[in-house]
Amino acid sequence: MSGAAWFWLNNTNNSSSTSTCDVSDKVDFGQAMLYCTVDNLGAAYLWFIMLFMAAFYVFFILKSKSRLGKTVLSVLLVVQVSLFGVLHVEYMAVKSQIENPSSI
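So the sequence shown is numbered by full-length UniProt numbering: it starts at 1 and just counts up by one.
Derived from the structure by calculation, the hints contain no laboratory data.
Note that the structure is a prediction, hence the values are computed from the model and not measured.
Misleading hints may appear alongside valid ones.
[Claimed, not checked] So the derived label-pair ranges between C-beta atoms look like this:
{"#": "1", "residue 1": "Arg-67", "residue 2": "Glu-99", "range": "27 to 37 Å"}
{"#": "2", "residue 1": "Gln-97", "residue 2": "Leu-41", "range": "16 to 26 Å"}
{"#": "3", "residue 1": "Ser-24", "residue 2": "Leu-62", "range": "41 to 51 Å"}
Just so you know, even glycine gets a beta-carbon here, dropped at the ideal spot from N, CA and C.
Model the full structure from these sequences, guided by the hints.
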């Protein structure tokens, strides 16, 4: 594993604890980055961010007077929720692969 990958995987948790996220032997680097980031931040925190952003978009969709503005914000809302859904499904797949490697 490269030095940058090792640094990312072992320093994603900013607390003073000695816990690391070394899953490099089970998944590739991109999957490990996703897993370690979500695992260290907490999935509930990321859901809160997504819901806050969605509420932000909905608020401005309702406040917008122009049809173009409503369309653009609606597209952004759909894209954001779709990407978050894809990341969530990918995270759950990686988590399953890490916790039960014999199921592959």
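Do the hints match the structure? See the list:
The given range of 27 to 37 Å is broken by Arg-67 and Glu-99, whose C-beta atoms sit roughly 48 Å from each other. About 20 Å separates the C-beta atoms of Gln-97 and Leu-41, a value consistent with the hinted range of 16 to 26 Å. Remark: the range hint 41 to 51 Å for Ser-24 to Leu-62 is upheld by a beta-carbon distance near 46 Å.
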